[in-house]
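Chains as they are written, first to last, in the working numbering: chain A, 9 to 206; chain B, 9 to 206.
Each hint should be verified, as a subset may be incorrect.
Which copy is meant is left open, because identical chains are indistinguishable; a pair holds if it fits in one copy or across any two.
As the list claims (entries may be wrong) - 20 angstroms max Cα-Cα, derived SDA-like pairs, lysine to any residue:
(1) K67 - A43
(2) K157 - G205
(3) K67 - D26
(4) K67 - G40
(5) K76 - R137
(6) K67 - R42
(7) K67 - V153
(8) K57 - D81
Since the hints were made in silico from the structure, they are not lab data.
There are 2 protein chains.
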Amino acid sequence: MSKNVKTAPAHGGSEVRDRILETASELFYRRGVRAVGVDLVVERSGVAKTSLYRHFGTKNDLVAAFLKREDQDFWGTWDRVSERHSDDALAELDAHCEWIGERVGRRNYRGCPQINTAAEFPEIDHPARIVAETHMREMRRRLNVIAEKLQVARPDRLAGQLAVIINGAFVSMPLFEAGEATELLRHAAHALIAASGD
Amino acid sequence: MSKNVKTAPAHGGSEVRDRILETASELFYRRGVRAVGVDLVVERSGVAKTSLYRHFGTKNDLVAAFLKREDQDFWGTWDRVSERHSDDALAELDAHCEWIGERVGRRNYRGCPQINTAAEFPEIDHPARIVAETHMREMRRRLNVIAEKLQVARPDRLAGQLAVIINGAFVSMPLFEAGEATELLRHAAHALIAASGD
DNA sequence: TTGACATCATACAGACCGGTATGTTTTAGA
DNA sequence: TCTAAAACATACCGGTCTGTATGATGTCAA
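Work the whole structure out from these sequences, hints included.
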């Protein structure tokens, strides 16, 4: 018999909490938040309802945790790509266009979780909206850093435009043919850089 | 006493049907489709539930009608702008950037109904998704016509990029400061045109 | 006047929603 | 081994959801 040790996961949270959050994230992303009831999350994660409500006081809290998790994942990827090009802002931007284009082009890509969830909860003060808006502004901020490294005339406007094409790519997947997104994004980014002095 | 004539509206549908659809459209757009129950639509439109279900067999049918209505409205505006610039493709594109930018910048703008509703209903064969994807492809098609008039090297790619920035603007309103969107869009469009031979 | 039909008001069915209450079993650590 | 916390299973609460059933009231045209 194995010891069946219940190791607490490296990152603080409990194992049960992690299982709930992972299951919920998958379901929320795949089917939409409102379409997924807590009972389904409980059943799919093989956990007691009481446990879910111990770790997340409310469904809304679970949704917020979901978005935070997706956020961390997104910026984690971003940072990993970023680090590989710390000396070349243009190459970094190209690399971002590449992984974002690749991600958008996946056959079951369902869009940016932040944007999708914000669309489900229009109330301006809803936690999901706040997370989503923070996410967008963080992207513009990071793009601003790149734009400044590129020494363009108006880095702020360029950053805004780059954020728009990236957000646009997230919601335009029905428009793309296989593999089209990366090249389209990259070419657009270069065009915007070239014109950023006008 | 007035005659209280029950004139059938010019466009075929009955007056009751119109009232229901108008009320539902407002509510769906403002609060999201899933957040609005048929009972609320019934109450707000001052109509019997039976009447709603006579004109729209199902809530889904009502949702589809809502999206179709929004679609017609959108292309109606588009066409009106288009006609004013039938001889100058660049001026037409500028004009589209202007009204779209203006619309996005409104203080209670809640995004593109097609995109928002598609986010609420991920099932690939859901009527709402189909309408939304048709809407997007129609936009790319129209932008393609403009791109061809502009005689650029790769009109198809340019049309895709323009569609992306427009969709991007629809979902990026938290990023924009007041009145920023139009200039940002227009400048980006020009940049993409200028680079479309590369 | 009569008959067909649209609209009204109301109540209900059956499922699902988020959340709580209760009590038992398992696990971890002193 | 004993204790306290955590996870378990299950049942329930009140509310809301889409959709239907029922029957009264109003309207128009033959």
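Structure-based check of each hint:
| no. | hint | in the structure |
| --- | --- | --- |
| 1 | K67 - A43 | both (12 angstroms within a copy, 15 angstroms between copies) |
| 2 | K157 - G205 | within (14 angstroms within a copy, 26 angstroms between copies) |
| 3 | K67 - D26 | within (15 angstroms within a copy, 37 angstroms between copies) |
| 4 | K67 - G40 | both (13 angstroms within a copy, 18 angstroms between copies) |
| 5 | K76 - R137 | within (12 angstroms within a copy, 27 angstroms between copies) |
| 6 | K67 - R42 | both (10 angstroms within a copy, 16 angstroms between copies) |
| 7 | K67 - V153 | neither (36 angstroms within a copy, 47 angstroms between copies) |
| 8 | K57 - D81 | neither (27 angstroms within a copy, 46 angstroms between copies) |
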